[in-house]
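> Read off the chains here:
Protein chains: 2
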Amino acid sequence: MTKRDISMAVIRRLPKYHRYLSEMMERGVDRISSKELSEIIGFSASQIRQDFNNFGEFGQQGYGYNVQDLFREINTIIGLDHTYSVIIIGAGNLGGALANYGFQALGFDIISLFDNDPKKIGKSLSDVEIRDINILETYMSQQPIDIAIITTPVHVAQDIADRLIISGVRSIWNFTPKDLVVPEDLIVENVHMVDSLMTVAYLLNEADGAVS
Amino acid sequence: MTKRDISMAVIRRLPKYHRYLSEMMERGVDRISSKELSEIIGFSASQIRQDFNNFGEFGQQGYGYNVQDLFREINTIIGLDHTYSVIIIGAGNLGGALANYGFQALGFDIISLFDNDPKKIGKSLSDVEIRDINILETYMSQQPIDIAIITTPVHVAQDIADRLIISGVRSIWNFTPKDLVVPEDLIVENVHMVDSLMTVAYLLNEADGAVS
Chain B
1 MTKRDISMAV
11 IRRLPKYHRY
21 LSEMMERGVD
31 RISSKELSEI
41 IGFSASQIRQ
51 DFNNFGEFGQ
61 QGYGYNVQDL
71 FREINTIIGL
81 DHTYSVIIIG
91 AGNLGGALAN
101 YGFQALGFDI
111 ISLFDNDPKK
121 IGKSLSDVEI
131 RDINILETYM
141 SQQPIDIAII
151 TTPVHVAQDI
161 ADRLIISGVR
171 SIWNFTPKDL
181 VVPEDLIVEN
191 VHMVDSLMTV
201 AYLLNEADGA
211 VS
Chain W
1 MTKRDISMAV
11 IRRLPKYHRY
21 LSEMMERGVD
31 RISSKELSEI
41 IGFSASQIRQ
51 DFNNFGEFGQ
61 QGYGYNVQDL
71 FREINTIIGL
81 DHTYSVIIIG
91 AGNLGGALAN
101 YGFQALGFDI
111 ISLFDNDPKK
121 IGKSLSDVEI
131 RDINILETYM
141 SQQPIDIAII
151 TTPVHVAQDI
161 ADRLIISGVR
171 SIWNFTPKDL
181 VVPEDLIVEN
191 VHMVDSLMTV
201 AYLLNEADGA
211 VS
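Top to bottom, those sequences are chains B and W. The numbering of the first sequence is this note's numbering, which starts it at 1 and goes up by one. The numbering of the second sequence is this note's numbering, which starts it at 1 and goes up by one.
None of these hints come from the bench; they were simulated from the model. Be aware that one or more of the hints could be misleading.
The list treats identical chains as one, so a pair stands whether inside a single copy or across any two.
What the hints assert, rightly or not - Straight line, CA to CA, 35 Å or less: simulated DSBU-like cross-link-like pairs of lysine-lysine:
1) K35 to K178
2) K178 to K120
3) K178 to K16
4) K35 to K16
5) K123 to K178
6) K120 to K35
7) K35 to K123
8) K119 to K35
All of these numbers come straight from a predicted model, not from anything done at the bench.
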C-alpha cells in the first residue's frame, strides 16, 4: 500500500503518536494496549487501531503494542529515518529561534540561513552561517534543498517563494502571515501564528459571553 | 445569538477573512461579492456566505459586501476591538521572537517576559522587561493576565501551566511540544512546531513514493 491513501487527518495525528511513544520509551514502558494508549493520548482506542491499520499490523491480540517497535514504525512512516536539507530565509529573531530549536536531532539538517542585511551576512546563528539572499539561486543549484523555512517580512514572502520554487525547493515551511501562491504539487505547511493568536482572542471573547 | 453556537471550523477561518479584508482595504477595494472573495481566499462563495450569516446580515443582494464594514465586523467578532494583557514565559530565542513579532499592533499588549536565568532577569527584549519566574505568582496577583505564552523547555511546561492556572490565567498559547493537562474550561491553543515539521517530512516522503 502506498502512503497516498492516507488522509491528512491521520497524517496529522502521527507526530502526536511519535511524541507519546517516545515519552513512554524514556519511561521504560515496554508494551501498551490501544485502550491504555487511548487514555494517555486522548484519541479513542478504535481510532488508534484504525490509524495504525493504515500502515500494517502492529498490535497483537491480547498483548497490545510493543512500544519500541511501534515507535520505530511510526518514525519510519513519518520519514524520520533519514535526514533533510533545510535552509531558513530570514535571519531575524524567529529565524534564529528556529535555527536553535533542536530540529537537527530529528534529522532536519539546517545548513544555511539567508538574509539581505549586510550586518548579518557572514555571521552565524547557532553555528549556521548567514548567507546573502542574492546568492540563493547559486547556492541551491549546488545543493538540493528539501525544506525552505520562510521567516521574512510578509511583503517579500511570495517573491522568496517564487525564487525557491524556480530553484527546485521540494517544500516550504511558511511562518509568514501569507497564503503563498505555489504550484499545486508543491508541499507548503503554514504556521500562521497570528491566526492562532486571533483564535485565542475569539475564545476569550466568547468566554466573556460577548454577543455578536 | 451568542457566539457559543459557532463551530471551531468557522472560528479558525475568521483570521483568514481578517487578513484578506485588511489587504483589500490597503489596496483601496471598496466592495466585493462573495464570488470575488471566494476566488481570492479559496473558500467557496456559499461557504463564505454561510460563515458570515453566523454573525448577522453583512452583505446586500446584488451589491456584495462593503469591505471596510465587513472588516470592522470581523475585527469585532474576533475581539480585536479591545486589548489583551499578555506575558511570555521563557525569554529564549523563541520568546524573544514572539516579543518582537508585532502582536502589540493587534492589541496584544506584551507586558512582561519571565525566565529563571539570572543573566537575563532585569534585562529587556523588545522593550519588554524580563522578570524572575519566582515572582510569577506575585506579579499575577497584581496584574490580571489574559494570555500566557509558554516557550520554556518542554520538561517544565506542565509545571509552568499549573502555576499560571493557579494564578488565574485566562488562556495559554503553548509553543512547547507538550499537550498540557488543564481544567476543561481553560483556553489552550497549541503551536506544536515539531508536529508541523514532521508533517512536512511525511509529505516529502510520500511524494518520493515511499511504501509503508
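> For each hint given before, does the structure comply? Return the numbers of the non-compliant ones in rising order.
Failing hints, ascending: 6, 7 and 8.
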